[in-house]
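Here is what each chain is made of, one letter per residue.
There are 2 protein chains.
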Amino acid sequence: MANWENADKLVAYKKMLSLKGLVSLKDVLDANRVKEFSVPMAAGLTYNYAAKEVNAQILAVLQELADEAELVAKFKELFEGAIINTGENRKVLHHLLRGQLGADVMFDGKNLRTFYKTQQENIATFAAKVHSGEITNAKGEKFDTVVQIGIGGSDLGPRAMYLALESYARKNNSLKMNSKFISNVDPDDAAAVMQSINPAKTLFVLVSKSGTTQETLANELFVKDYLKKAGLDASKHMVAVTSESSPLANNPSYLASFYIDDFIGGRFSSTSAVGGTVMTLSFGADIFAQFLEGANESDKTAVNSDIRKNPALLDALIGIYERNAQCYPATTILPYSQSLSRFPAHLQQADMESNGKHVNRFGEKINYATGPVLFGEPGTNGQHSFYQLLHQGTDIVPLQFIGFSDSQFGEDVVVDGSTSQKKLCANLVAQIVAFACGKSDENPNKSFAGGRPSSLIYGKQLTPKALGALLAHFENKIMFQGFVWNLNSFDQEGVQLGKVLTKKVLAGQIDGALKEYANIFDI
Amino acid sequence: MANWENADKLVAYKKMLSLKGLVSLKDVLDANRVKEFSVPMAAGLTYNYAAKEVNAQILAVLQELADEAELVAKFKELFEGAIINTGENRKVLHHLLRGQLGADVMFDGKNLRTFYKTQQENIATFAAKVHSGEITNAKGEKFDTVVQIGIGGSDLGPRAMYLALESYARKNNSLKMNSKFISNVDPDDAAAVMQSINPAKTLFVLVSKSGTTQETLANELFVKDYLKKAGLDASKHMVAVTSESSPLANNPSYLASFYIDDFIGGRFSSTSAVGGTVMTLSFGADIFAQFLEGANESDKTAVNSDIRKNPALLDALIGIYERNAQCYPATTILPYSQSLSRFPAHLQQADMESNGKHVNRFGEKINYATGPVLFGEPGTNGQHSFYQLLHQGTDIVPLQFIGFSDSQFGEDVVVDGSTSQKKLCANLVAQIVAFACGKSDENPNKSFAGGRPSSLIYGKQLTPKALGALLAHFENKIMFQGFVWNLNSFDQEGVQLGKVLTKKVLAGQIDGALKEYANIFDI
Numbered sequence: 001m002a003n004w005e006n007a008d009k010l011v012a013y014k015k016m017l018s019l020k021g022l023v024s025l026k027d028v029l030d031a032n033r034v035k036e037f038s039v040p041m042a043a044g045l046t047y048n049y050a051a052k053e054v055n056a057q058i059l060a061v062l063q064e065l066a067d068e069a070e071l072v073a074k075f076k077e078l079f080e081g082a083i084i085n086t087g088e089n090r091k092v093l094h095h096l097l098r099g100q101l102g103a104d105v106m107f108d109g110k111n112l113r114t115f116y117k118t119q120q121e122n123i124a125t126f127a128a129k130v131h132s133g134e135i136t137n138a139k140g141e142k143f144d145t146v147v148q149i150g151i152g153g154s155d156l157g158p159r160a161m162y163l164a165l166e167s168y169a170r171k172n173n174s175l176k177m178n179s180k181f182i183s184n185v186d187p188d189d190a191a192a193v194m195q196s197i198n199p200a201k202t203l204f205v206l207v208s209k210s211g212t213t214q215e216t217l218a219n220e221l222f223v224k225d226y227l228k229k230a231g232l233d234a235s236k237h238m239v240a241v242t243s244e245s246s247p248l249a250n251n252p253s254y255l256a257s258f259y260i261d262d263f264i265g266g267r268f269s270s271t272s273a274v275g276g277t278v279m280t281l282s283f284g285a286d287i288f289a290q291f292l293e294g295a296n297e298s299d300k301t302a303v304n305s306d307i308r309k310n311p312a313l314l315d316a317l318i319g320i321y322e323r324n325a326q327c328y329p330a331t332t333i334l335p336y337s338q339s340l341s342r343f344p345a346h347l348q349q350a351d352m353e354s355n356g357k358h359v360n361r362f363g364e365k366i367n368y369a370t371g372p373v374l375f376g377e378p379g380t381n382g383q384h385s386f387y388q389l390l391h392q393g394t395d396i397v398p399l400q401f402i403g404f405s406d407s408q409f410g411e412d413v414v415v416d417g418s419t420s421q422k423k424l425c426a427n428l429v430a431q432i433v434a435f436a437c438g439k440s441d442e443n444p445n446k447s448f449a450g451g452r453p454s455s456l457i458y459g460k461q462l463t464p465k466a467l468g469a470l471l472a473h474f475e476n477k478i479m480f481q482g483f484v485w486n487l488n489s490f491d492q493e494g495v496q497l498g499k500v501l502t503k504k505v506l507a508g509q510i511d512g513a514l515k516e517y518a519n520i521f522d523i
Numbered sequence: 001m002a003n004w005e006n007a008d009k010l011v012a013y014k015k016m017l018s019l020k021g022l023v024s025l026k027d028v029l030d031a032n033r034v035k036e037f038s039v040p041m042a043a044g045l046t047y048n049y050a051a052k053e054v055n056a057q058i059l060a061v062l063q064e065l066a067d068e069a070e071l072v073a074k075f076k077e078l079f080e081g082a083i084i085n086t087g088e089n090r091k092v093l094h095h096l097l098r099g100q101l102g103a104d105v106m107f108d109g110k111n112l113r114t115f116y117k118t119q120q121e122n123i124a125t126f127a128a129k130v131h132s133g134e135i136t137n138a139k140g141e142k143f144d145t146v147v148q149i150g151i152g153g154s155d156l157g158p159r160a161m162y163l164a165l166e167s168y169a170r171k172n173n174s175l176k177m178n179s180k181f182i183s184n185v186d187p188d189d190a191a192a193v194m195q196s197i198n199p200a201k202t203l204f205v206l207v208s209k210s211g212t213t214q215e216t217l218a219n220e221l222f223v224k225d226y227l228k229k230a231g232l233d234a235s236k237h238m239v240a241v242t243s244e245s246s247p248l249a250n251n252p253s254y255l256a257s258f259y260i261d262d263f264i265g266g267r268f269s270s271t272s273a274v275g276g277t278v279m280t281l282s283f284g285a286d287i288f289a290q291f292l293e294g295a296n297e298s299d300k301t302a303v304n305s306d307i308r309k310n311p312a313l314l315d316a317l318i319g320i321y322e323r324n325a326q327c328y329p330a331t332t333i334l335p336y337s338q339s340l341s342r343f344p345a346h347l348q349q350a351d352m353e354s355n356g357k358h359v360n361r362f363g364e365k366i367n368y369a370t371g372p373v374l375f376g377e378p379g380t381n382g383q384h385s386f387y388q389l390l391h392q393g394t395d396i397v398p399l400q401f402i403g404f405s406d407s408q409f410g411e412d413v414v415v416d417g418s419t420s421q422k423k424l425c426a427n428l429v430a431q432i433v434a435f436a437c438g439k440s441d442e443n444p445n446k447s448f449a450g451g452r453p454s455s456l457i458y459g460k461q462l463t464p465k466a467l468g469a470l471l472a473h474f475e476n477k478i479m480f481q482g483f484v485w486n487l488n489s490f491d492q493e494g495v496q497l498g499k500v501l502t503k504k505v506l507a508g509q510i511d512g513a514l515k516e517y518a519n520i521f522d523i
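Chains as they are written, first to last, in my numbering: chain A, 1 to 523; chain B, 1 to 523.
Because identical chains cannot be distinguished in the list, a pair is counted as satisfied if it fits within a single copy or across any two copies.
Straight-line C-alpha distance at most 27 Å; calculated DSSO-like pairs for lysine-lysine:
#1 K460 x K504
#2 K224 x K171
#3 K236 x K129
#4 K201 x K180
Since the hints were derived computationally from the structure, they do not count as laboratory data.
All chains, please: the whole structure from these sequences, using the hints.
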């Protein structure tokens with residue numbers, strides 16, 4: 001059993017704090033460093049950290065920290081089924097969705113890998129029947145659209161993954177069904193989506209682990225009401241993704257039900273039936289399988305105890321150095337790929353909900369900074385927006401760039417001697433160096449201090465496999481950071497109070513300020 | 001002439017810094033405060049700051065700061081045509097797009113209000129011809145879709161405004177044309193949009209003030225190439241929005257050109273031809289006029305020197321207190337309205353590009369924190385994502401809530417005794433109180449410290465007029481904050497270095513680290 005200690009009890013952590021401000025990026029960044037500060041990732045991706053504020057001395061201390069905190073040993077405990085989610089007394093098994101890293105994980109006499117695998121197979125079988133026309137609407141017409149109804153982890157990850165591969169699938173003649181998403185309890189969300197589709201040819205995927213999510217149940221009834229008015233039988237248009245114990249399980253209101261369990265956290269459920277149903281319906285089982293393969297390859301690199309061979313671990317530790325030694329309060333994700341437009345929003349949940357905590361895994365208050373604010377938009381769009389502050393603002397915000405040599409569609413034009421794809425990549429690399437090295441100028445307004453650290457994840461193309469690897473990289477990075485901070489990264493008690501108060505508002509059981517606020521909206 | 005001084009030279013600013021940590025929200029927030037800490041805004045909106053960490057003493061100092069820094073006098077100089085954008089030697093006239101607040105503003109013998117008004121009229125005339133079928137494609141078919149090609153301010157604002165009113169217009173039978181947007185130089189962005197439309201029935205609106213924006217020109221040629229392959233004459237499908245001196249002006253490649261000038265900054269151009277062309281084509285001239293009316297009403301409230309009667313000024317000053325006295329590094333915008341899904345991305349540009357600066361308006365380095373990181377997503381979605389960190393993370397992030405009593409579509413269902421719209425608003429008010437007051441619990445993991453400040457802007461419905469008022473509120477807030485920090489909020493020198501280096505990369509004029517990075521992408 002690994003030893004779980006607060007970070008500030010660790011010798012290496014204290015050493016790390018003493019190394020604040022050691023590296024001046026503009027003085028060290030050269031061609032050799034770009035070559036050397038590079039770690040292969042899964043699926044042909046590479047993690048380059050040449051423009052991070054680290055050197056051999058800091059890396060050695062980060063290795064000591066990884067060892068002293070037993071980060072890889074903790075990961076092994078996790079994937080072999082230890083109760084890592086202490087607050088909720090649960091295992092944490094999203095790695096098992098995409099391969100077996102260690103021993104079998106059993107629960108109540110059930111082999112859980114087999115359970116997850118069976119769900120994938122059931123989804124694949126169902127999707128194949130939808131695609132072939134064996135399962136159709138009441139008129140015998142093929143379904144051509146999927147609408148996923150879910151919120152939080154049942155929305156952000158699946159939506160980001162769908163958007164990431166929509167163009168790839170279209171290019172490769174694998175876009176079997178278009179997908180849309182309804183998430184917000186705002187009735188305008190559901191209304192706008194319903195107006196944009198032909199409900200007669202739409203399959204709705206209702207996703208709620210508990211089967212009790214307020215927003216999702218309200219949206220389900222919104223959609224059912226809409227279908228009824230359109231003369232359609234909702235039970236022939238709806239599929240549920242839920243846990244076996246939920247009211248949505250084995251329920252004749254749905255064409256089929258696919259299952260997850262308590263060991264798959266919402267924000268880590270893209271590789272489960274939560275992401276798998278919409279992705280398999282949209283792209284087919286093969287593409288979803290490639291996505292899982294990429295994630296599994298990424299997981300395998302995450303068991304290496306050498307930080308220079310474990311990109312997720314290294315990325316995590318550099319992030320700890322930036323957060324706790326350099327004291328940077330925020331970080332930004334900048335994918336130079338329009339298909340990754342919602343990937344930052346997914347990571348925003350995955351990261352901030354996992355590590356935005358003030359107590360350790362034993363429920364004791366801690367005395368150091370944990371998860372940073374995380375935000376991002378695709379480049380080059382962001383360059384014309386918030387990059388001004390990143391370059392010349394008064395705070396330093398570390399950056400995480402993501403880029404690919406090739407586009408997904410392959411359609412391009414040459415303007416002024418270069419393709420758009422080359423321009424995209426040229427912008428990316430120019431930004432890395434601009435942020436790191438800056439530029440002095442007589443006019444302080446045109447002067448750039450530099451010293452803005454960034455990393456770069458790159459690959460040839462955003463394929464399903466590359467996407468799986470990218471996703472798992474960040475999932476594992478977040479997990480390792482949670483281990484260092486000694487957090488339970490897998491609960492979310494911070495969302496409970498709002499839920500409780502909302503119920504009270506709706507029940508009219510309120511007074512004081514809350515009642516006065518409710519009066520504003522005539523509740 | 002107002003006196004321009006750095007904030008830390010001001011008596012009131014120093015007084016403000018001494019008032020750090022004065023208010024404990026959970027001790028003061030009660031029903032009376034919710035009633036009292038409220039300021040009417042334009043267009044029937046209200047700004048409520050009961051859950052901000054201010055009291056009579058702090059508000060008095062903020063009023064002193066407003067007076068000492070001559071914030072309203074500076075606004076008056078701005079809208080009457082002073083050279084407020086000192087770095088670029090330009091006037092700042094976006095207020096003039098939507099009404100005349102002071103004296104006429106003349107330039108080169110031209111009345112600029114008349115100039116802007118003429119553009120609006122030209123756009124309205126053109127759009128009416130498109131809607132009536134007087135202007136059609138070569139086959140005589142009506143155009144039914146608009147695609148705007150632009151980036152940064154030519155994309156984020158117009159896109160956010162379009163999405164904000166799309167459902168409203170559909171509900172009110174005013175959705176005359178659907179609109180889409182191409183922004184990123186990533187060729188997959190243009191390819192995906194082109195695949196989703198019928199180009200034969202699409203009007204393209206090319207937006208670039210200079211006529212030289214790299215991304216926009218590349219995307220223009222991408223689209224022209226696509227149209228040519230489809231056998232279409234691009235010059236019959238394209239409209240330009242640009243400055244009169246740009247290569248796009250009076251150019252036979254376009255059906256029509258509409259003009260802005262150097263006094264309209266990109267991120268403040270939603271109420272100019274940049275936003276006006278796509279909005280008028282999409283919704284008609286009436287709706288765009290209502291939008292401008294709301295913005296103008298907002299501007300009028302911003303000239304009041306009493307901070308309790310000037311919501312933009314008050315909001316700005318509370319933000320200064322939070323940033324400089326309380327030292328909060330980030331802020332978040334949380335609209336409880338799915339239609340405002342991209343409003344935070346627009347404000348992210350408007351705010352971070354304006355005030356993410358390290359030099360004052362005279363180009364001298366300053367010694368205090370300026371613009372914060374700004375991010376956001378619509379509620380209730382965000383509740384299931386990053387709110388965990390906002391509630392229980394180790395940093396405090398001030399919040400800006402926005403909500404409406406009524407939805408735009410008016411389609412709704414009752415589930416468990418309440419409509420979705422009521423649930424949406426109940427969640428919003430519950431969050432305000434949860435953040436402010438927290439909850440103590442024996443289990444620290446279920447304990448909420450509270451003390452998370454928020455404000456609330458609310459109204460009856462997100463109408464065109466309300467949207468205009470909301471937009472102008474934030475534009476003016478950003479302007480006032482820039483005045484306090486003594487910044488030039490209207491240039492963006494921080495984006496130049498990346499542009500210069502990109503050109504060098506594409507020209508192959510690089511060595512060292514930059515060349516090695518370029519090699520990665522085979523540039």
